[in-house]
Every structure is written in structure tokens, then in C-alpha cells.
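Novice: Read off the chains here:
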Amino acid sequence: MTAGQLAVLAALGAFHGLNPAMGWLFAVARGMQERSRTVLLWSVPPIAAGHLASVAIVAAVVSATESVVAGNLVAIVGGAVLVGFGLWRLLSARHFRWAGMRLSAAQLAGWSFLMSSAHGAGLMLLPVLATTTPAAPAGHAAHLAAAAPAGLAGTPAAALDGLLAAGVHTVAMFAVMAACALLVYEFVGLGVLRRAWFNVDKLWAAVMVAAGALTIALTA
Amino acid sequence: MTRWTPDPTFYPSARDAAGAPAEQLAYVAAFDRSAELPDAIAVVDTDPSSASYGTVVGWTDLPHTGDELHHFGWNACSSALCPTAPHPHVERRYLIVPGLRSSRIYVLDTKADPRNPVLVKEIPAEELAGKAGYSRPHTIHCGPDGIYVSALGGGSAEGPGGIAVLDHTTFEVRGAWENDRGDQYLAYDFWWHLTRDVLVSSEWGTPSMIEDGLVPELLLGRKYGHRLHFWDLAKRTLVQTVDLGDQYQMTLELRPAHDPRKEYGFLGVVVSVEDLSASVWVWQRSGGEFTVTKIIDVPAEPADPADLPPALQPFGAVPPLITDIDLSVDDRFLYVSCWGTGELKQFDVSDPLHPVETGSVRLGGIVGRAAHPSFPQERLAGGPQMVEVSRDGRRVYVTNSLYGAWDDQFYPDGVGAWMAKLDVDPEAGGMTLDPRFFPHGDDFRGRRVHQTRLQGGDASSDSYCFP
Numbered sequence: 001m002t003a004g005q006l007a008v009l010a011a012l013g014a015f016h017g018l019n020p021a022m023g024w025l026f027a028v029a030r031g032m033q034e035r036s037r038t039v040l041l042w043s044v045p046p047i048a049a050g051h052l053a054s055v056a057i058v059a060a061v062v063s064a065t066e067s068v069v070a071g072n073l074v075a076i077v078g079g080a081v082l083v084g085f086g087l088w089r090l091l092s093a094r095h096f097r098w099a100g101m102r103l104s105a106a107q108l109a110g111w112s113f114l115m116s117s118a119h120g121a122g123l124m125l126l127p128v129l130a131t132t133t134p135a136a137p138a139g140h141a142a143h144l145a146a147a148a149p150a151g152l153a154g155t156p157a158a159a160l161d162g163l164l165a166a167g168v169h170t171v172a173m174f175a176v177m178a179a180c181a182l183l184v185y186e187f188v189g190l191g192v193l194r195r196a197w198f199n200v201d202k203l204w205a206a207v208m209v210a211a212g213a214l215t216i217a218l219t220a
Numbered sequence: 001m002t003r004w005t006p007d008p009t010f011y012p013s014a015r016d017a018a019g020a021p022a023e024q025l026a027y028v029a030a031f032d033r034s035a036e037l038p039d040a041i042a043v044v045d046t047d048p049s050s051a052s053y054g055t056v057v058g059w060t061d062l063p064h065t066g067d068e069l070h071h072f073g074w075n076a077c078s079s080a081l082c083p084t085a086p087h088p089h090v091e092r093r094y095l096i097v098p099g100l101r102s103s104r105i106y107v108l109d110t111k112a113d114p115r116n117p118v119l120v121k122e123i124p125a126e127e128l129a130g131k132a133g134y135s136r137p138h139t140i141h142c143g144p145d146g147i148y149v150s151a152l153g154g155g156s157a158e159g160p161g162g163i164a165v166l167d168h169t170t171f172e173v174r175g176a177w178e179n180d181r182g183d184q185y186l187a188y189d190f191w192w193h194l195t196r197d198v199l200v201s202s203e204w205g206t207p208s209m210i211e212d213g214l215v216p217e218l219l220l221g222r223k224y225g226h227r228l229h230f231w232d233l234a235k236r237t238l239v240q241t242v243d244l245g246d247q248y249q250m251t252l253e254l255r256p257a258h259d260p261r262k263e264y265g266f267l268g269v270v271v272s273v274e275d276l277s278a279s280v281w282v283w284q285r286s287g288g289e290f291t292v293t294k295i296i297d298v299p300a301e302p303a304d305p306a307d308l309p310p311a312l313q314p315f316g317a318v319p320p321l322i323t324d325i326d327l328s329v330d331d332r333f334l335y336v337s338c339w340g341t342g343e344l345k346q347f348d349v350s351d352p353l354h355p356v357e358t359g360s361v362r363l364g365g366i367v368g369r370a371a372h373p374s375f376p377q378e379r380l381a382g383g384p385q386m387v388e389v390s391r392d393g394r395r396v397y398v399t400n401s402l403y404g405a406w407d408d409q410f411y412p413d414g415v416g417a418w419m420a421k422l423d424v425d426p427e428a429g430g431m432t433l434d435p436r437f438f439p440h441g442d443d444f445r446g447r448r449v450h451q452t453r454l455q456g457g458d459a460s461s462d463s464y465c466f467p
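First to last, the protein sequences are chains A and B.
Letter by letter, the first sequence follows residues 1 to 220 in the UniProt record's numbering.
Letter by letter, the second sequence follows residues 1 to 467 in the UniProt record's numbering.
Pulled out of the complex, with its shape left as it was, chain A reads as follows:
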């Protein structure tokens, strides 16, 4: 992993953390219902854990199947899926709902896992993950190359690299989510939901389409 890649992963993590639908809003609600900052803070780790699980599955699969051929295939197919999924999210308004408001920590993590998966959070990392094959240092992808240690590419051990990527992403997501939740709970107040809740769904879908196109462009 290069510093640049890590920065991109962290930036995407921050973007995910910023989205109220990914969990900070839920954490604020739980805190407010119980009038307790502690409840808010204890809600954040399970949400981050669910997000991590969702992202890690994609990251591990992509990293473990890396090789010149498989890498290109994963990247191009993945890129196409991403563009399609992004367009579908952009155009579809079908709503996701899994559970109620009174959740245990495990249920909260499960909710977060499904929420992240349904929004394709892991897929969004594809341009960083799928174009890092060490066997493709030349051409368009040169500046993103050389991630996994030589000899590990395409082996299960490379999946660890994917998990590292997911970890970096999740730490950034966790930090931004917790900051948003605390900020709204302590200082900003609920009015921000009415005033400043920009439609992240549309932005999210657009990012996904862009990530898909980028993946294909970097690979092809």
C-alpha cells in the first residue's frame, strides 16, 4: 500500500462516516432517547464494526484473487458492477429497512453491516483495491502500483493486505462518524437535520459511478 492509496482509503472512510444513513444519526438518536452521551459513544463501535465487516469482505476477496489476469478481470467486472450499482442507487428509491429502534450492540452491528452492504460501501473501494496488482506496474496504473509484497499477490496471504485496507478505511469512518455524532449531540442540535442534510444518497451514487469508471479506466 502506498501512502497515496492509504490516503484515498481514509478519504473514502471519512465520506462514509459523514453519511447520516451509515450510522451517526442512529447513535445521536440513541443518545438523545436515553439522555446519555455514554449511550451515544457505545453505539459507535458496533456500527463501525458492521461497516468493517461489510467492507472487509470485498477487500479480502479482491486482494486474494489478485493476479495479472484475475486482477484485470476483477477490476473490469467490478468496475462495471460498480457503475451499474451506482446508477441503480441513483435511479431507484426503494427503501431499506431491517430492524426497529431498540437494538442490542450485536443487532446494531448487523444493521450497520446490512446498511453498508446495501449501499455498496465495500465496492466503492474497488479502484484502490483492484488496480494494485504488483504485476501491472506499467501503463496507466503505474502510479497506483506495488501494493502487496512480491510473491504474495494472488495468495490468501494477500487478503491480509485487503484487510489492512479495510481497517484503514474503517478507522477513518469511525473517527468522522463519532465526531459528527458528538458534534450534533453536544453543540449543533437537531435543527441541522432540517437545514444541512444534503442528499448524500445522490452524491453516494455518483461517487460509485465515478469509482467504477475509474477502475475500468485504470485497468484497461
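Since the hints were made in silico from the structure, they are not lab data.
Glycine included, each C-beta is placed from N, C-alpha and C at the ideal position.
Mixed in with the good hints, there may be bad ones.
[Said to hold, decoys possible] Some but not every residue of chain A turned toward chain B, in silico, with C-beta under 8 Å:
{"id": "1", "residue": "Q33"}
{"id": "2", "residue": "A99"}
{"id": "3", "residue": "R102"}
{"id": "4", "residue": "G191"}
{"id": "5", "residue": "L193"}
{"id": "6", "residue": "R194"}
{"id": "7", "residue": "F198"}
{"id": "8", "residue": "N199"}
For chain A, the structure is supplied; the task is to place chain B on it using the hints.
Specialist: The following block gives chain B in isolation, referenced to the frame of chain A:
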């Protein structure tokens, strides 16, 4: 139909909603009892500075006849800000309008011209029956993940009635809401404690028990609904049923506290067969179990049998008939319609178990026939029936028709059509009729008026997930 910023009529908390700007328009369900004219949504100007204030300024006829429009509602509301299924960029724009007699559901778009809503979709009775197994759609609530519709009848049989869910973007019928209904059979109203994953439902009767009028044998046989059901909103299963006792007939309107930290609510009961009184009850949860307590009793008023409709002559009294209640958004005032005696009562329910009566206004009534101050010579039929309270709690609107066949029984010489508005002192309580606001008679083009919804939301449309 999604926006870049949240719909400005959505509020995260009831406290914020109480500061919402005043409504400019009211939508009123109007129906033709004879089923010769189409039912309609009438639009009434509620802006006091407008030259047409208090008059019908818009009108949308529906394409069929005989629907008997009932408790319609918005496609989306403040519950869209709830954190389990947040989607604040949908618009409060469509009115979902059920035909209680026809089982059709209409979707009307109010965006382009709020004074003349446009019909954009019609859900036929067959679709509601085929996909959800229900008929006689009754009450609409905008849920966090869809549109919930209570229904009195089964799809192909009398019952059970229950709740159907519509997709809140396509308005397709998704199916029946219940996973396990236990022995719940009769349906009427429902609402919820969203943050507690609790849904509450009440009971009236199956189609054959209501459609041709109140059946005296069923009433005296104590066959109408007298129970409350508490459900797990997430699992969609019946958790607990409380029976009020079979002398209490028709547990109708449910008004849970708007504060999402509270787990109590109010229930109106139409009549006790033992003394014709009507009552209001409170449900509350303690130690996991719900209990229901009677807090208000309104006694019947003695009357000369000669002044009474045939159904009431043997009793020599007018039953109050509490047919609707409404709770202000700040959970402070409860409004109680006594449709039989023609009275609207206001109670301070800051302490829910110990209500204090703070206001009363008389209009119509089976015997009283109290007139509106603007038309003192006109004896009014019907009484305050459906009540709607503005979000800031300062204005209350009432309409006078209950249900076609029942209107005819209690007001056999005609129920007429009128809508009135009351101004409230939100600090001290008390209410007075607005002399400038009284659309009635021909204003409604021969239709009866049943229920009001206020533009931007009202006290019985929105639910909130934040305190």
C-alpha cells in the same frame, strides 16, 4: 421526486414542529352519500390575511362514485428523519386517499397546484385484496419505511381487518403488515411509539357490522370492538391485548404522545351500553406490560323522546358519542368530539391520568342543534366530528359527518355539511369559534365533509423519533 435538501415540512422533534409556520390550506374529504356525484377533496383557504379566507378555493373530483372517502393522509412526513430508515429527501406531496366503501385508494399530487390536487394513481380494490388480503381501507399513516393503511375488512371474507403497507415511492401494495396477528380480528385505527418499536391498534367492526348503519342487536349484544392491541413494530407480531370490558363499545381513535420518550397515549371509546356514556382512556407501559385506564367519562344527556331519532327514543337520552379525539403536538391539550351532543371539549392532559377540562364549544348535536355565531338562525345538524389541530396548537378545525349510514341514523333529517375553526389560547387553554371561518352547505357542492388534513402537516399526521 427526491430533493437535494430535506423537505422543509419535516421536523426531527415535536418541539421543533410546534414552531412550524401556519398552514395556508386545508384539504377536506368530501363525499356524496347518494353515490351519484363523485367524492372530492375540497381545498379550503386557511390564511387569515387572504380575501378568500374560510372559503373553498379548490376542488378535485375523483373519477368514480360511491367511494366514501375517509381518513386520508400524507405519503411522507417527519418520520422520514427517523434513523433506522432515513430518507428526508422524499417530499410531502401526495395525499393518499382511501375510499372506505369502495376499497379504492387514490394518490393525489398537491405539488404543481396545491389548490387543485391532481390524481396520479388509483389502486383498485382488487389490488388491495389480492396483494394484502384486505378491503375497506380506513386510516393512512406515513411510516418510516412505507405507507401504512388500516383496513376494516378481509380481502375475500368479512375479516380479519388489519394493516396493509404501500411502497412510499411507487405506491404499490407491498402486502399485509402482520406476521402474526394472534386472535386480533376487528380493526379500526392504529398508530405507534416509533422509538419503542410499538404499534397500537383499535377495533370497530367488520364491513357487515357498519356499512348499513349501526346494528342495534350487535351493539346491545356487545359485539363491536372493545379491545386494544399492542404489537412489536419491528417483528410485526401481536404482543399484548387489553380488553376494556364488553360494555365499552367501539374503541376507535388512538393518539399516542408525540414525545418519543413517552409511552402513553389516548383512546376514545364511543359508547358504554350500560349508560350511553362515552369515555377517554389512557394506555401506558410499566414493567413491560401495557395497562389501560379510564380518565374521562362524558355522561349521556336526558332528552324528550319526541326530539330523538327512532334508534334513541327508547333511551330518552342523547349519547355523547366520542367519535374522534386529537392531541396537540406539545402533548398538552386533548380535544374530544362529542358528535351526539354536539360538543367539542378541550382537556389539559399535561398529567395524562388527571385531565382538567379547559374548554367547551357547542355546535349542532342531535337535540341541541347549536348554531354557529356567524349564522345564528341556522340550526346545525351533525356535531364536531373529526378534529384536526395545527402544529403550533393555536387552531383547531372540525368537520361534521361521521359515516354515511350512521349520519342517517342519528340525524335522519339530514346531517348537512359544515366545517368550523376554533382559536386556542395555547398557554391558558380555552377555545373560541372563529366567526370568519364557516364553510358550509352549498360550499361543499352537495357533499358531506368528513376529515381535514392541513398543508405541511398537522397534529395527527406526523411522528417523531427525536425528543
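Novice: Return the numbers of the hints above that this structure violates; sort them in rising order.
Specialist: none
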